[in-house]
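There are 2 protein chains.
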Amino acid sequence: MTKSVFYHAGCPVCISAEQDIVSLIGSAKVEIVHLGEQKNRIAEAEAKGVKSVPALLTPNGNVLHLNFGASMADVKG
Amino acid sequence: MTKSVFYHAGCPVCISAEQDIVSLIGSAKVEIVHLGEQKNRIAEAEAKGVKSVPALLTPNGNVLHLNFGASMADVKG
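Residue numbers (the numbering used here), protein chains in the order written: chain A, 1 to 77; chain B, 1 to 77.
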């Protein structure tokens with residue numbers, strides 16, 4: 001596995017994190033998976049160790065769980 | 001600001017995250033700050049929005065809080 005996989009669920013906080021991750025790592029190096037739209041990949045994500053979203057699965061198999069301090073504007077958005 | 005800043009506190013989980021982040025983003029693009037050793041930078045980190053460590057401050061000013069599901073081995077390590 002040479003690409004990272006960014007799992008999210010479409011919430012505003014997830015989209016913000018997605019933009020940051022794509023900007024930092026480069027879009028060619030990260031696959032974006034929207035678990036709300038690709039429910040068939042939820043089991044795969046869980047099997048890889050994803051406990052919450054947004055999360056980044058690195059090429060070496062580690063899972064980075066990304067938690068913003070979500071603003072109320074994000075929660076309401 | 002063109003570099004990201006990775007704030008951590010030296011715990012095993014932080015070091016693991018640091019290695020992942022450096023590997024993903026590239027060491028030239030991220031400054032590593034050990035808040036346990038550089039206590040004078042804690043106020044700066046808090047002012048930037050860091051609520052917990054490890055955390056990554058992106059070039060556009062967002063803070064990504066990274067939470068691993070820390071294993072007991074990590075906690076004991």
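One should not assume that every hint holds.
No copy is singled out in the list; a pair is fine if it fits within one copy or between any two copies.
DSBU-like cross-link-like pairs, simulated, lysine-lysine; straight-line CA separation at most 30 Å [said to hold, decoys possible]:
hint, residue 1, residue 2
1, Lys3, Lys29
2, Lys51, Lys29
3, Lys51, Lys3
4, Lys48, Lys29
Because the hints were derived from the structure by calculation, they are not lab data.
Structure-based check of all given hints:
1. Proximity of Lys3 to Lys29 under the C-alpha cut-off of 30 Å is found in both arrangements, the shortest distances being 5 Å within a copy and 19 Å between copies.
2. For the identical chains of this complex, Lys51 and Lys29 are neighbours both inside a copy (22 Å) and across copies (28 Å), given an alpha-carbon limit of 30 Å.
3. Proximity of Lys51 to Lys3 under the C-alpha cut-off of 30 Å is found in both arrangements, the shortest distances being 20 Å within a copy and 29 Å between copies.
4. Proximity of Lys48 and Lys29 under a CA criterion of 30 Å is satisfied in both settings, with 18 Å inside one chain copy and 28 Å between copies.
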